[in-house]
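**Student:** Spelled out from the first residue to the last, the chains are:
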Amino acid sequence: MAITLPPLPRPWRASPTLVDFGADLTPPLGGPIQRVTRLGSRFKLTLDPADYGLITKTYASNLLAALLKARATGQTVILPFPQMGASRANDVAPANALTPLVDGAGQSGTVLNVRGLAVGAQLLAGQFGSVTVSGRSYLYVLTDSVTANALGKAALNIAPMLRASPADGAAMSFASPQIEGWLSGMEQSWSVERLMLGLQVPISIMEAD
Amino acid sequence: MALASGLTAALGDTLSPLVFHAFELVLPGPAYIRLLDGAGSATFSSKTFVGRDATYGALGAISTIEDSLEARTPRYQIELEPPTTAAITTLSAPSLQGAQASLWFGAVDRTTGQVIATPELLLVGELDYVTAALDQSSRRVSLYIASAFERLFAGDEAARLTPAFHKSIWPGELGLDFVVDATADPYWGVSAPVTPGIVSGGAAGTGGFRGSSGQGLVF
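Chains as they are written, first to last, in our numbering: chain A, 1 to 209; chain B, 1 to 219.
Partial list, computed: chain A residues near chain B (C-beta under 10 Å): (1) G22; (2) Q34; (3) R38; (4) L39; (5) G40; (6) S41; (7) Q107; (8) G109; (9) V111; (10) N157; (11) M161; (12) L162; (13) R163; (14) S165; (15) E207; (16) A208.
Far from chain A by the CB rule (all over 12 Å, computed), these chain B residues: (17) L3; (18) K47; (19) I65; (20) R72; (21) G98; (22) A99; (23) L123; (24) E126; (25) R140; (26) R160; (27) A164; (28) F165.
Quick caveat, the hints were computed from the structure, so don't treat them as lab data.
Glycine included, every Cβ here is placed at the ideal spot set by N, Cα and C.
Given only the sequences and the hints, what does the whole structure look like? Please build it.
**Tutor:** And the structure:
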């Protein structure tokens with residue numbers, strides 16, 4: 001189970017991070033640097049608490065309650081992930097390209113075959129999409145633009161590598177991508193400023209796997 | 001043994017290699033704990049390894065495989081992070097001592113997500129003992145794994161030159177029943193009588209008996 005945080009009011013500022021595992025092997029004598037990577041690259045999202053904008057008392061209470069409930073009940077939280085250009089209608093991929101279905105079970109790697117797109121629909125590089133596997137949402141980004149073929153199918157180049165293989169027919173949402181993970185750290189603090197009528201809650205979540 | 005050629009090529013590629021360690025512990029049943037050191041899954045030799053086992057959690061650390069002269073066999077240490085106390089209990093069961101543990105090193109193709117060639121089997125050993133450590137921000141179980149050569153160090157401390165022990169190894173062999181000195185009771189924790197009945201030659205000297213060196217055998 002996961003707790004979906006209430007949608008954040010605009011304006012708000014998010015700092016997404018791609019977390020890689022591995023090491024840069026840097027020889028202290030000046031030899032060439034070698035990079036060794038490991039499995040499990042995934043995303044992290046940090047929200048700037050100073051930039052939630054004006055929020056109502058009800059909203060502040062709900063947001064705080066959701067955060068504390070997630071911790072108290074041991075659940076992950078789900079946040080909408082910022083889509084590039086989401087505020088400019090012309091930049092968003094056409095509606096017929098927003099929710100392709102995974103085409104075939106047991107896929108792995110950085111290529112995901114999908115179906116169910118409108119013929120000729122275009123998905124743009126840099127767009128984020130999330131897909132749910134075994135009740136947990138996984139976030140990926142398109143690394144190359146792709147156009148659906150005559151059957152409405154496409155092979156998406158994604159990053160990072162698939163960590164869990166989605167089921168055949170699972171929907172990949174480019175319309176409202178989301179990130180699911182644990183709230184970072186073992187403490188939850190917030191500050192209330194009476195005069196500014198503001199609530200400042202730092203939120204940082206990282207995908208569990 | 002050389003690395004599989006595909007694995008060698010992957011490690012020498014100009015792209016950074018995507019590597020993994022895979023750990024398998026065979027529990028009685030048999031049941032298997034098959035874990036990877038990263039999130040994801042990898043399948044080779046009909047075995048599928050995952051980042052997180054629902055019962056036994058994830059790999060916390062893999063120590064260096066070490067060896068030394070004389071009285072040490074190759075050994076290493078694996079740390080698991082089990083989500084439940086029950087898993088710690090299961091792992092700590094005495095019956096698990098000697099369970100087969102294997103460790104592989106391999107690489108993954110980024111595009112297909114498939115394991116490249118055949119991962120290198122680093123060591124097959126057996127579970128020696130387990131410790132658990134709980135702390136404010138960690139719960140870890142350390143599995144100490146030793147090579148099968150460890151068994152060569154097992155001392156024959158229970159070996160006795162008595163008819164009963166003799167027959168426990170060779171059932172029905174009555175040879176010692178008729179050796180007068182061998183029927184004497186062993187003295188536990190005290191010095192032997194002034195005229196000790198140390199058996200020399202005979203059964204002890206002709207081999208076949210596991211305590212034939214006679215060390216510590218005082219009657």
